[in-house]
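Q: Heads up: the sequence lines are chains A and B, in that order.
Going by the numbering used here, the letters in the first sequence line up with residues 1221 to 1331, in that order.
Going by the numbering used here, the letters in the second sequence line up with residues 518 to 631, in that order.
None of these hints come from the bench; they were simulated from the model.
Just so you know, even glycine gets a beta-carbon here, dropped at the ideal spot from N, CA and C.
It is possible that some hints are incorrect.
As the list claims (entries may be wrong) - Going by beta-carbon spacing under 7 Å, a handful of chain B positions derived as facing chain A: (1) 525; (2) 613; (3) 623.
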Amino acid sequence: EAAVTQSPRNKVTVTGGNVTLSCRQTNSHNYMYWYRQDTGHGLRLIHYSYGAGNLQIGDVPDGYKATRTTQEDFFLLLELASPSQTSLYFCASSESSYEQYFGPGTRLTVL
Amino acid sequence: KTQVEQSPQSLVVRQGENCVLQCNYSVTPDNHLRWFKQDTGKGLVSLTVLVDQKDKTSNGRYSATLDKDAKHSTLHITATLLDDTATYICVVGDRGSALGRLHFGAGTQLIVIP
């Protein structure tokens, strides 16, 4: 079973704050993804990566940066957090197939 | 525009009853369709994946159908349990590889009461 972990699990920050969400997968998957989930919407893709050093823009990238430092680690950065970024964030990884394995999620609240 | 529509938005059933969740989509191409279960505030757990033009799968009390001509899928849960209370999410993949995109529905919230 693929293992994807996220930290922190919960985070509260203020408007304008700097936040980093971390994701680690230990399955040597090449592909990693960051999504946000909001009530009334399906998961929406923020950024994704094909491997260490590679970054691709998703469907809702505004206000977010990402870094893929190693094959295992994928970070999502909010440099000037806004209340509209209050959401549940999921990381996922996959190998060459279409199956994605999801982490447990990080709940972010921006006051 | 939302490409994956799920209905109903929410559903309340009594323990032991059966229920059917619907998923209609407009994603093209539609390589596969997967149903996930999401407990409140938790991650997504895959229940089943459908691939063929007209496909059926069964996984314990969960069974699903897919009709790609109609771009429609159903998830049946038989003899519901209290632990079935969760949000069920329909996801359509447009390719058979990691290079494809996943298109997520907003989910059906199922509540099972005693």
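Q: Does the interface hint hold: is residue 613 (chain B) within less than 7 Å of chain A, judged Cβ to Cβ?
A: holds (6 Å)
Q: Holds or violated: residue 623 (chain B) as interface residue toward chain A, Cβ cutoff 7 Å?
A: holds (5 Å)
Q: Taking the least C-beta to C-beta distance, is residue 525 (chain B) closer than 7 Å to chain A?
A: violated (14 Å)
Violation of the numbered hints given earlier is confined to hint 1; every other hint is satisfied by the structure.
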